[in-house]
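Asker: Below are the chains, spelled out letter by letter.
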Amino acid sequence: MTTLSNGPAVSVERPRPSTGMAERPPQRRRRFTRRSLIPWLFLVPGLLLGVIFKFGPMIEGIRMSFVKVQPFLGDEFIGLDNYVKVLSDQRFLDALAHTVVLGGGQAIGALILGTGLALLLEGSSRRLWFVRTAVFLPVVTAVAVVGEIWRILLFPTESGFINSILGMVGIQAQGFLSDPNTSLGYVMAVGIWISAPYNMVIILAGLAGIDRALYESAAVDGVTTWQRLRYIVFPALRPALSVVLTLAAIRSLRIFTEVFVLTGGGPAGSTEVWMTRVFSLGFKGNDLGVASAASVLLLVATLVLTVSVRMVSNRKERAR
Amino acid sequence: MLKTRTIRSGLALAITVALVGTLAACSSGDSSGGDDKSLEVWTRSGPEAAASYQPVFDAFTKKTGIKIDYKPILEFDTQLQARAGQKDLPDVLINDAGSLGNYVSQGFLLPIDKSSIEGSDQIADKTWDENRGTDGKYYGVPWSRQAAVTIIRKDWREKLGLPVPKTWDDLSALGEAFATQDPDGDGVADTYGMVVAGSAQSGYALRWAASYLFQAGGGLLKYNGDGTYKSVVNSPEAATAVEWMRKQFCTPGVVVPGSINLTTADTPFFGQGTAGISLTGPYNISTFEANVGADNVEVIPMPAGPGGGVTSLAEGENIYFGASSKKTDLQKQLAEFLITPEAQELAMKVTTNEAGVVSQPVVRIPVNKTVDVAAVTGDPRWTVAADAYNDSENFPYAIDFLPFRQIAADELNAMLSDCNSDIPAGLKKIDDGFVAELKNQNLSQ
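Heads up: the protein sequence lines correspond to chains X and L, in order.
Just so you know, we're using full-length UniProt numbering here: the first sequence kicks off at 1 and counts up by one.
Just so you know, we're using full-length UniProt numbering here: the second sequence kicks off at 1 and counts up by one.
For reference, chain X alone in the conformation it holds in the complex (with noise of 0.2 Å):
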């Protein structure tokens, strides 16, 4: 079910020219035609490949979630038992506090820290081509990588590599991802460093966009470097950031790989989010069913979510 958020994703990414739609004239309803039939012929495949691999599991997904799943012995309705079951489980109601608190914490912190990154990075120049691109390499490298690689940086002795830092200033050993209270934050701290630099790509291609004559004629009055950004920088910025916030409403919800390959949810539960929870029930427990149940809600709460923040920064364009 994790990839069936995918969907929504794709029609955000599209570029999204702020100007030109109402321009076109509008277009008259053609008669059908050989011609016209072609463009079809040329998405069937990709259109063939959606229905097969994710509108049919996601319709599947759908139907399992009303029926206690029994491959062999046939499955039986069951109505909204699979859901009641998960809106009263109550681990299923600390995963989604956590979910909420670990993706709004990395959406903001991937927001700020991508934002930085791009102003200190901008530019043309060979030497910041060469550092965006070090800065960017967490992007590319898988996640399960990451992860191993990150476990043996927060190892929790005085030996792991992080603590050792730290004891030299003085700071003594910490539990890291083992402790319970702590590790939900320094989950949230790799799953930023993870997605910041993409942030960065997307808010450098913003930045590019920025006539220079601004900035130029803003030099000739004088003003400072916050102004600069408070009155130029941010409000071009706007499109960037609003493409920013809806990839990370989309996907801070289902954050799953980060959770598993660090702490497998653990430790006493305390990163456990809705898809690791949905990971055990369904392929560990067994339970199908309440699995579907769950990834369903998660995909409506996705969809309100990204309706929302397209809602919100549609009307604060139209405002501008």
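There could be a bad hint or two in this list.
[What the hints assert, rightly or not] Derived pair list, reagent style BS3-like, types lysine-lysine, alpha-carbon separation capped at 27 Å:
#: 1; chain 1: L; residue 1: K137; chain 2: X; residue 2: K68
#: 2; chain 1: L; residue 1: K428; chain 2: X; residue 2: K85
#: 3; chain 1: L; residue 1: K137; chain 2: X; residue 2: K54
#: 4; chain 1: L; residue 1: K87; chain 2: L; residue 2: K114
#: 5; chain 1: L; residue 1: K247; chain 2: L; residue 2: K429
Please keep in mind that the hints were generated in silico from the structure rather than gathered at the bench.
With chain X's structure known, arrange chain L on it following the hints.
Answerer: Chain L in isolation, oriented as in the chain X frame:
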């Protein structure tokens, strides 16, 4: 122009047709016929265990002419669900005895007529009884049994001049010594005591804790004798056990740091030479030997708990008959062969196959009473392992134990992760969870 377009659209159509064709070919599964003299057999194994199964199946084919289509599968249950969806299960499945209740509840298994199985009297009644479903019928032929054993780095222990631990306190002290006295002599504090998979995932925390729980006199579920069970987890004995286990986690170095989040796949520490005590199945003896040297792997009798208890957690594998199979006679023939001394002994040997894979014995403690472990393996450590099995306790196989395992593992993980945790409250939580789940499965009195 028009011609190009026609060619283009023709090409598009051809590609589309080809693609659809490929997809259709992918989705159509092949279902094997019912009359041939062959059996599809699945085991939950990696390459090392598969190397142990293969010679056994080869011997069977040689003897009976029945071909075995053998599939060692690691993601066993996920794959099995997929096959169940096609209503076409493998003919024979060899998997954990603990899966029995779950498989029966899903209708995967055929009941077994014990008296019709040749050689069934060579298996202890106690072992057979573990394989009864809640309806009293047998649902699996026993294949292998085992109990957790304590394995120690002998060279480390001897270097530090410490005796073989006889009690929990000794074990704890040994663990601390391994962590603090540099047993590998490299001058760096990079060694630890116990290897523990403490994650709640897949119930690992319980799998480790269960032996100590039993040794302290605690328990999990008690059979009422009438198809129902009672939760017995909330006891002072269990509290003693959890307190001791938590102490191991909270004394630096006794347990490998960070273990609270680890599963068995993430705990290669004994083999890597970073930890010296492992509570694990005897199947790991050969793996450890290959990593740290045969002379350095010591299997010790279980250190006694506070009341002198040495019970450890038993596990096992069964031969199950897939419910959709029509080859009842062939299934029976294979099971009958697998419980013979010949097959059991074959599966206990460590061999190297043509591909250079060193096999991991898949029969640990033979279910056939006439097979002598010490004689077959020629290794006194396996005698210790057999003794451990003789004083062991298993999770009930007849019921779907997975939810119970998860409930207990979640709370154990929570209690062990915090050195100030409220143990009585944690045990109460497990008890509440057990009571609710018993009701859910219609197993309470």
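Asker: Next, verify each hint and record whether it holds.
Answerer: Verification of the hints:
{"no.": "1", "hint": "L/K137 / X/K68", "result": "holds, 25 Å"}
{"no.": "2", "hint": "L/K428 / X/K85", "result": "holds, 22 Å"}
{"no.": "3", "hint": "L/K137 / X/K54", "result": "violated, 43 Å"}
{"no.": "4", "hint": "L/K87 / L/K114", "result": "holds, 26 Å"}
{"no.": "5", "hint": "L/K247 / L/K429", "result": "holds, 21 Å"}
Consistency note: the structure conflicts with earlier hint 3 alone.
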